[in-house]
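Residue numbers (my numbering), protein chains in the order written: chain A, 1 to 348; chain B, 1 to 348; chain C, 1 to 348; chain D, 1 to 348.
In short, the hints are calculated from the structure, not lab data.
A few of these clues could be false.
If chains are identical, the list can't say which one is meant, so a pair holds when it fits in one copy or spans any two.
[Claimed, not checked] Straight-line Cα separation of at most 27 Å, DSSO-like style, residue types lysine-lysine; simulated pairs: (1) K55 to K25; (2) K255 to K50; (3) K25 to K111; (4) K255 to K25; (5) K275 to K111; (6) K50 to K82.
Protein chains: 4
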Amino acid sequence: MRVGIVGGSGYTGGELLRLLCMHPKVEVTYVTSRRYAGKFIGDVHPNLRKLVNIKFEEYDVTLASEKCDYVFMAVPHRSSMKLTPDLLDVGLKVIDLSADFRLKDKVAYEKYYGGHERPELLEEAVYGLPELHREELRGARLVACPGCIAVSAILGAAPIVASFSIDPERIVVDAKIGSSAAGREATESTHHPERVGVVRPYKVTGHRHTAEIEQELSMVTGRQVKVALSAHSIDMVRGILSTIHFFLDELPEEKDVWRAFRAFYGNEPFVRIVKQKTGLYRLPNPKAVVGSNFCDVGFELDPHASRLVVLSALDNLVKGAAGQAVQCMNVMEGWDEALGLNAPSIFP
Amino acid sequence: MRVGIVGGSGYTGGELLRLLCMHPKVEVTYVTSRRYAGKFIGDVHPNLRKLVNIKFEEYDVTLASEKCDYVFMAVPHRSSMKLTPDLLDVGLKVIDLSADFRLKDKVAYEKYYGGHERPELLEEAVYGLPELHREELRGARLVACPGCIAVSAILGAAPIVASFSIDPERIVVDAKIGSSAAGREATESTHHPERVGVVRPYKVTGHRHTAEIEQELSMVTGRQVKVALSAHSIDMVRGILSTIHFFLDELPEEKDVWRAFRAFYGNEPFVRIVKQKTGLYRLPNPKAVVGSNFCDVGFELDPHASRLVVLSALDNLVKGAAGQAVQCMNVMEGWDEALGLNAPSIFP
Amino acid sequence: MRVGIVGGSGYTGGELLRLLCMHPKVEVTYVTSRRYAGKFIGDVHPNLRKLVNIKFEEYDVTLASEKCDYVFMAVPHRSSMKLTPDLLDVGLKVIDLSADFRLKDKVAYEKYYGGHERPELLEEAVYGLPELHREELRGARLVACPGCIAVSAILGAAPIVASFSIDPERIVVDAKIGSSAAGREATESTHHPERVGVVRPYKVTGHRHTAEIEQELSMVTGRQVKVALSAHSIDMVRGILSTIHFFLDELPEEKDVWRAFRAFYGNEPFVRIVKQKTGLYRLPNPKAVVGSNFCDVGFELDPHASRLVVLSALDNLVKGAAGQAVQCMNVMEGWDEALGLNAPSIFP
Amino acid sequence: MRVGIVGGSGYTGGELLRLLCMHPKVEVTYVTSRRYAGKFIGDVHPNLRKLVNIKFEEYDVTLASEKCDYVFMAVPHRSSMKLTPDLLDVGLKVIDLSADFRLKDKVAYEKYYGGHERPELLEEAVYGLPELHREELRGARLVACPGCIAVSAILGAAPIVASFSIDPERIVVDAKIGSSAAGREATESTHHPERVGVVRPYKVTGHRHTAEIEQELSMVTGRQVKVALSAHSIDMVRGILSTIHFFLDELPEEKDVWRAFRAFYGNEPFVRIVKQKTGLYRLPNPKAVVGSNFCDVGFELDPHASRLVVLSALDNLVKGAAGQAVQCMNVMEGWDEALGLNAPSIFP
């Protein structure tokens with residue numbers, strides 16, 4: 001299948017290229033970049049030298065329609081909503097990695113991102129989380145891949161909100177995030193001397209991913225939940241750990257929580273339940289997933305504070321972005337869901 | 001004044017030496033180390049070469065009594081309770097950096113650390129947090145310096161629990177901690193290839209510092225509070241950030257929270273209230289305190305989730321250990337509290 | 001083909017498993033570990049959870065002969081020379097990643113590693129660098145994979161010593177090395193607080209890899225060369241950069257150096273000549289190869305000092321160890337040399 | 001004494017402020033910054049909050065002359081040559097941290113930096129390396145502080161070129177450098193995801209500091225030496241290690257090299273000779289000097305390659321810039337040379 005990437009010079013674009021060049025059913029035929037049009041891809045993504053031998057091109061909808069069957073959108077939010085409708089109109093399938101089509105509620109979109117120009121597409125777009133929307137993904141024309149923190153929070157929390165009477169107004173998601181999530185543009189906040197050795201609370205309240213997490217968890221549980229999300233930048237390139245603190249009047253037993261996770265993820269190819277008695281990696285840790293499409297989830301019970309803590313770890317550029325997108329494509333096409341996504345994490 | 005350090009070869013011991021060699025009223029006359037007795041201090045702490053020119057010695061209570069007026073105990077918990085009583089008996093003042101005398105309640109001690117051999121000293125020992133116990137420190141003979149996470153959590157939370165009707169059973173302390181807190185002994189968990197790039201949930205529930213945090217906050221507020229503490233090892237050498245999530249039925253106004261912090265810390269030499277509208281360092285971040293004795297505290301209000309988030313940052317080896325101990329000594333002696341502690345953090 | 005790994009719990013063993021589980025012609029049937037026998041591989045290598053589902057076993061030559069056609073030896077030097085002969089005797093092919101069979105000259109072995117117990121095998125063993133020994137590898141029974149620094153130094157220097165009249169007694173190899181090269185055992189030197197922020201000259205003179213570098217370069221050039229190797233540990237997990245300084249009475253032109261590299265590596269699947277006019281990655285940098293089997297080589301001419309500088313970058317665990325070993329196996333079997341080794345580096 | 005800093009918002013400016021606020025004889029009265037004029041210094045240098053309570057001001061020569069006795073110039077090269085002459089004209093003493101007055105030879109300046117506008121000052125300026133120019137510094141009016149790599153290379157090499165018949169055309173200086181040396185401006189090359197895990201050869205040939213290193217070493221030895229300098233960016237914030245490879249027809253004995261270093265540095269307050277038989281810090285390593293004004297030097301002899309290797313480590317912002325400048329001021333004023341510079345490195 002012929003696949004295009006709109007916005008191929010950033011980290012998400014590069015990660016799509018890395019994954020797709022190992023995908024046995026796909027050929028990348030078209031990669032756009034305003035800044036690097038005419039340059040070889042390996043000049044921008046040094047890991048792809050000798051492996052991807054095409055050049056960046058200018059974006060053009062006609063070209064896209066001629067060269068591709070599928071398009072991955074790796075452009076900033078608000079850009080995607082301008083380009084995506086035309087791509088759909090020429091019959092392409094679109095997997096969008098921006099925030100533009102994630103929320104069902106245009107008022108919520110407006111609150112966090114500004115007014116939406118094509119709200120009619122919000123209904124159609126499928127939220128690209130196969131673990132919750134696999135059926136809808138088959139046959140979808142427009143898929144909105146979740147935000148990276150959102151994936152980790154939702155996959156960690158869904159089995160709990162679905163199974164237990166947690167306090168739905170006291171869900172703390174404390175997220176720790178690597179620098180690649182900030183994108184490829186050099187900024188003061190990612191200047192190496194300022195980023196090394198930090199724990200920088202960068203979005204303590206009001207984080208945009210709150211909306212999609214609440215949308216999905218409310219869908220799972222059937223009633224409105226509220227998420228208290230705080231995000232911290234740490235000295236790490238790839239990876240997210242979300243620590244999710246739930247309070248319950250009555251704590252479940254450990255085996256019941258196990259059961260809840262197993263029921264949800266028993267057959268999932270990319271969710272691993274990680275909870276061991278000993279060992280350095282007895283609980284989820286981004287270290288064990290970096291570069292792979294896995295989301296590792298685990299938990300502990302805290303009788304002292306009547307609390308259930310869930311840990312959820314993933315690579316923001318893979319399961320939090322490009323890998324998720326490829327997984328969605330695999331589902332949409334009815335292929336083995338793990339095609340092109342089998343490579344283990346690099347460790348250590 | 002002549003000062004000794006029992007257990008001078010670890011990171012806390014080294015940090016005491018670093019600070020005390022700049023202290024104008026103190027001479028370090030005795031430093032013990034079983035392993036390095038007879039070696040120059042600069043051979044073990046390479047930063048002190050040419051600055052500290054004495055040798056490690058064997059521990060001996062008579063020698064200590066001859067050579068010192070004060071002793072800092074930088075030995076593991078359970079060792080301190082064996083050695084400290086004898087040092088007190090020969091008339092020395094002792095500032096203990098282990099956990100052995102922090103808890104007033106011997107049952108709590110037993111729960112977290114095992115049976116206490118000298119419980120009668122628990123009552124006498126002063127909890128070495130000048131911000132809460134300054135008066136008691138003057139004239140104290142035995143001071144128990146707080147745990148590093150405890151300092152950050154207590155200093156962050158005290159003004160809030162003292163001033164607002166927070167839910168006292170839903171206080172989440174989500175702590176992110178550097179590797180130096182694990183001590184100088186090489187272990188699997190601090191092996192560089194395994195520690196780089198991690199967010200390792202190492203004590204999600206049941207952390208020992210819970211007891212002292214609850215002890216102090218309950219004292220401040222006059223009723224029992226419960227703390228839901230989770231600690232994460234990250235890829236950083238020095239520093240702790242505690243993110244403290246409180247829930248309130250009614251959120252205070254921002255100026256009221258400011259007022260609460262100012263009332264508590266307006267004249268404190270080593271607590272800075274950090275809350276700006278913009279800038280990379282608008283909120284507390286260990287990066288801005290590393291190497292110094294400051295604890296930076298700040299906050300944000302989250303109307304969406306009816307939450308108040310406090311951030312509290314410090315250097316675990318300074319305000320979380322050695323600097324705190326020196327500050328306590330300054331208070332005990334009636335000196336300027338900042339003597340020897342004026343050096344700014346190294347940045348970047 | 002059925003493949004075994006002797007010593008599968010270290011980083012090299014883990015890397016062999018990571019690569020072999022993606023190899024289309026190979027099944028890993030036997031992995032030994034004294035310490036972890038009976039445990040699942042994913043409990044020790046957390047990246048392989050759900051991907052490699054067998055257990056570690058005890059080492060036993062009969063078992064090896066029953067279960068495998070090939071054996072990779074990932075044990076310390078001096079252990080390999082004890083085990084390897086028996087494995088050869090039962091008809092297995094052995095690819096050894098230790099230093100035991102790298103040197104043709106047993107006196108040189110003795111100088112750096114101690115007396116050799118099976119010197120008669122030194123002659124037979126093929127030095128596992130396909131770029132120099134491809135023909136000998138086909139049909140080999142015992143292959144000795146090069147040391148990680150040696151690979152980078154030899155691949156960087158070979159085209160130069162082969163083509164230009166460099167001063168053969170003034171070749172400086174200044175190597176910068178990541179912590180994973182020290183192995184999985186936690187030691188003082190890899191304790192995270194001591195390893196972060198260092199440039200530690202750990203082997204300024206007398207590095208063992210000197211012998212194999214000189215052996216190979218002397219073979220290439222036909223006369224004895226002398227290498228002045230210095231190795232530095234830096235704050236990086238994977239990767240080596242060797243900076244190789246050559247002096248010449250008369251500097252060649254740039255195009256001649258290009259030509260020398262092209263002649264050597266024009267068709268090599270895993271050597272990339274990296275030399276661009278601009279860009280962050282215009283010269284070799286471990287960052288661009290980590291996780292992949294590439295060795296990137298490049299150069300600059302310094303007319304001021306009549307010097308030619310070659311840069312050579314690779315991942316010590318891949319092209320410097322496990323990837324190299326798999327490449328050797330592919331050559332030995334007459335397979336496509338890149339089988340199982342196509343995955344790009346993870347970037348950033 | 002009243003001291004001003006022109007260009008106080010960068011890392012060098014911040015480091016001057018950090019050191020000067022601990023200096024007992026100095027008051028910082030004037031700090032300029034075009035970008036931050038009117039802002040508190042603690043808003044830009046978060047480590048100085050509560051310790052330095054003045055604001056940035058606009059640059060103005062009259063203001064400088066009114067408010068200061070001394071001025072430190074922490075502006076880019078080519079800016080300094082425009083501002084410095086006026087400051088001298090109004091009677092101020094100037095310590096310049098840019099490259100503008102380091103070279104005696106205006107042709108050399110032109111080659112590396114472009115035409116010089118005030119070449120007549122090149123003769124007067126004293127090269128601010130107290131270890132070589134202490135006498136000239138007393139009474140100097142204009143001091144040119146050396147480049148950071150230059151300090152490490154010169155202090156490492158001077159005793160050797162002064163004492164031994166090394167090959168003067170084959171001196172390799174292989175430098176490894178932290179990111180703070182690149183300044184405070186965020187750039188692509190210091191973008192955290194691109195800087196972590198690198199060894200980036202950023203100036204393999206033609207580095208500007210070559211000129212000053214050769215100037216000083218030729219002065220020491222009395223004949224022209226040539227330096228083959230290559231610089232590498234690594235994943236470290238502060239610090240430089242220069243590995244200096246010398247070749248000699250006849251190697252000296254170890255005690256003779258010791259003697260050469262001792263003769264040079266026996267009484268120097270800020271050079272430590274570091275060469276031990278064992279231990280993690282047996283040789284120089286930036287880790288042991290970061291934050292302090294020390295330059296650690298050590299060496300090894302390599303009979304195999306007839307080579308002498310010198311290691312030289314310092315903190316680029318302290319002994320490589322701001323600390324050096326303060327040391328120069330102390331010498332100029334006839335004060336104890338270590339005033340304000342006594343704080344040990346922070347370790348680990």
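Check each numbered hint against the structure and report the violated ones by number, ascending.
-> Violated hints (numbers, rising): 3, 4 and 6; every other hint is consistent with the structure.
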